[in-house]
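**Q** If you want the building blocks of each chain, they are given just below.
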Amino acid sequence: MNSAYKKEIRYTLVFSALLLICGHLGLLFVAFPGLQNKMVMGFPSQYIVPIVFGWLVLMVVVGFQAKLTNDLDDEIEELNAGLSETVE
Amino acid sequence: MEHEKWVLEDPMLGMIFVGASFVFFYLIGWYSQKAAKSSTDYWTAGRSIGSITNGLGMASSYMSLATFMGVTALILKLKVPFVYMWIQFALSIPLITLWYGTPLRRMGAFTPAHFVRERYGLRTSYVTVVFMILIMVMYALGQMIGVAKVFEMLFGINYNLALICGGALIVGYVTIGGMYGTSYNAAFQMILMGVAFVVPLGAIMKAMGGTGWYFPPLLYSDMVPAMLEAVPDFFDMKYGFKWYLSLIPCFTLGAMGLPHLGMRVYTSSNLKSARGAMVWFTFFCGIVFCSTYTMGFSGVYFQATSGSAIAPTDFDKITLILNSVYNPAWVLAFVIAGAIAAGLSTISANLMAIGAMIAQDIIATIKPDLSDKTMKVIGYLAIAGGGATSILIALNPPDFLVVSILWAFGLAGVTMAPLVMLGVWWKPANRYGATTACLVSGLTYIVVAPYFFPSIVVGGGLEAKVGMTGSLLCVPLCFFLLTTVSMITNKIPALMNRFDYQKDHVLIDKIHGWADYSEERYNSNTAGIIIAAVSLFFCIYAVLPGGW
Chain A
321 MNSAYKKEIR YTLVFSALLL ICGHLGLLFV AFPGLQNKMV MGFPSQYIVP
371 IVFGWLVLMV VVGFQAKLTN DLDDEIEELN AGLSETVE
Chain B
867 MEHEKWVLED PMLGMIFVGA SFVFFYLIGW YSQKAAKSST DYWTAGRSIG
917 SITNGLGMAS SYMSLATFMG VTALILKLKV PFVYMWIQFA LSIPLITLWY
967 GTPLRRMGAF TPAHFVRERY GLRTSYVTVV FMILIMVMYA LGQMIGVAKV
1017 FEMLFGINYN LALICGGALI VGYVTIGGMY GTSYNAAFQM ILMGVAFVVP
1067 LGAIMKAMGG TGWYFPPLLY SDMVPAMLEA VPDFFDMKYG FKWYLSLIPC
1117 FTLGAMGLPH LGMRVYTSSN LKSARGAMVW FTFFCGIVFC STYTMGFSGV
1167 YFQATSGSAI APTDFDKITL ILNSVYNPAW VLAFVIAGAI AAGLSTISAN
1217 LMAIGAMIAQ DIIATIKPDL SDKTMKVIGY LAIAGGGATS ILIALNPPDF
1267 LVVSILWAFG LAGVTMAPLV MLGVWWKPAN RYGATTACLV SGLTYIVVAP
1317 YFFPSIVVGG GLEAKVGMTG SLLCVPLCFF LLTTVSMITN KIPALMNRFD
1367 YQKDHVLIDK IHGWADYSEE RYNSNTAGII IAAVSLFFCI YAVLPGGW
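Going line by line, the protein sequences match chains A and B.
Count along the first sequence from 1, then add 320; that gives the number in my numbering.
Count along the second sequence from 1, then add 866; that gives the number in my numbering.
These aren't lab readings, by the way, just hints derived from the structure by calculation.
In this text the structure is predicted, and so the values were computed from the model without any measurement.
Careful, some of the hints might be misleading.
To be verified - Some chain A residues close to chain B (C-beta under 7 Å, calculated; not the full set): (1) Ser323; (2) Leu333; (3) Val334; (4) Ala337; (5) Leu338; (6) Ile341; (7) His344; (8) Phe352; (9) Ser365; (10) Gly374; (11) Trp375; (12) Val377; (13) Val380; (14) Val382; (15) Phe384; (16) Gly402.
We treat Cβ as the ideally placed atom computed from N, Cα and C, and that holds for glycine.
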C-alpha cells in the first residue's frame, strides 16, 4: 500500500474530526458544564467560542484542507505518470 | 395583548426594489441560457465556474430565506440552542468536498443519485431518487413559505395570493435560466443578500445603542449585560447531551446528502477551483451566519424591552420587523429584495436538483436514446412541476418555515449520505446493502416522525418535528444495515454473480484518481465491522429514554 493512499485516508479522517470539532463545540460545553459562563470577548464562553470556531477557526482548517488535498492530488498524478512510463 | 400588524408602509418602494432585482435576475438567466449549448451545460454550467463565483454560489444556496427569516424566528423561540444548530451548517461544503465532492466530479456525476446509479445499480438509484425528490420538495416548501411571507408584508395581500404570485415568479425564472443562470445569479444574489442583511443590521444595532455597529457579526458584547437583565436565560444551553449530539447525524450528515449543495462542487472548472471555492464558502457563510445570530439576539432583546407584541405567526418576519422599526422605508424595501434573493437562490438550487434527478436519473435511464432537445424540455417540465408541488403544499404551512427544511435535512442524512460516503470509500458496500439500508432507514425515519403516526414517535417536542430524534436513530441504522447486509451478501456467490461487482470496485479506485487498480485499497472488512458496531451502539443509545 503506497504512502499517498495512506495519506488520503489519514487526511480524510483527521480533517473530518477537525471539521466536526469546529462545528460542534456546543457538545463540549454541555458535556462539561464547568466551562460555561466564563466571559470571553464580553460574551459567555458557551456562546462565543462555538461561534468563533464555527467561522474563523473553520476557515483556517478548510484552508489547510484545500492546500494538503491539492498537494495529495498532485502526488497521486505523479504516481500515475510514473506508472504509465513503466508500462511504456 | 393585541398583536401589531407588520406591513411595509409604502409598497411602491418595495415593488421598485424587488422588480428591479427580478429584471436583473431574469436578464442574467436569459443570457446564461443562451450560453448553454447542451443539456449537460444546462445542469452543470459547462463545468466552468471560477472559485470565487462558485464560493459565493455555494454560500448563497445556504443563505436561504431560512437564514433571513426562519433562523431568527427560532432564535426568538429557542434562544441560544438554535445558534448551535446553525453553526454546524458551515461544515457542509468542506465535508462534501472531502468525502465525495471531488471523486464525484472526477466521475462526471450530476448528483449523488447519479453516483448511486453507477455504484449500486438502477434499482437502488430509483429508491434514492424518490427520497431525494421528497427532500427537495420539502426544502423548497420552506423557501416558498418565506417568499409568501415577504410578499404578504410587501403588498399587504393575504398569504395564499402572496404564495402563488411569488412562487410563480420564481419558478419561471429558474426554468428559464438553468444552472448557468443559477450559478451566476447565485453569486450576485449572495452579494445582494449579504449587503441587505449585514449593513441595515449595523444601523439597527446603532439605534439600539450598540457601539460595535460597524461590524455586526461579532461586536455586540456591550449589549450582553442589558440582554442578561432583560432575558436572563438567553445564553442557557437548556437541552441535554443527546440534543446536541443529534445535530451531527441530522444536519451535518444531512447536509452532506443534499444534492443541490454537491452540485456546486460539480460545476467548478477544476478540482483545485472547487477546493478554493470551499474556502470562500466558509468565509461568506461565516459573515452572514454570525450576522444572523446578531439579528436573532437583537430580535429577542427588542421583543423583551420594546413592549411591541409580535404574534408567533410573525416570528419569521423579525428581520423585516426590526428594519421597519429602526430603519427608513427604503432600507426595508432593500432588505425585502435581499430576502427574495435569498429565497430565490435556494429555490433555484432545489428545483435544479429536482429537474436533474427526474431528467437525468430517472427518464434518461429508462429512455437513454432521447434527443438532447427532448431532455431539455423534460428538464423544464420537471423543474416547473417541482415548483408547483411545493407551492401547493405551502398552502397549508407548518408554524415555522424552517421546520420542513430541517426535517428534509434529516431525511437526506438518513437515505443518501451513508450510501454515498461508504460507496466512495468502502468497496465491500454493495447494492443489496444499499437498497435495504436506504429503504428501511428512510421509511423508519418517516414512521417515527410526529406527522404520520403520532403514537410511534422517538422523543418529542420540536426536536422530533425537525427530525433530530429520528436521525439519531435512523442514520446509524442506515450505516449498520449497509455494512452488515453488504458483508453478509458478499459471502453469497448466488447473489454476487448477478452483477459485475468487480466493475464497482474498479470505479472506486478510478474516482479517487488512481490510474491503476489495487484490490487492497478501500477494502477493509475490519473497518466495516467497526462501523457496524459503533452504529449499533448509537441505535440503542437513540431509543433509550432521557438525555434530551
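**Q** Report the numbers of all earlier hints that the structure fails to satisfy, in ascending order.
**A** 1, 2, 3, 4, 5, 6, 8, 9, 12, 13, 15, 16
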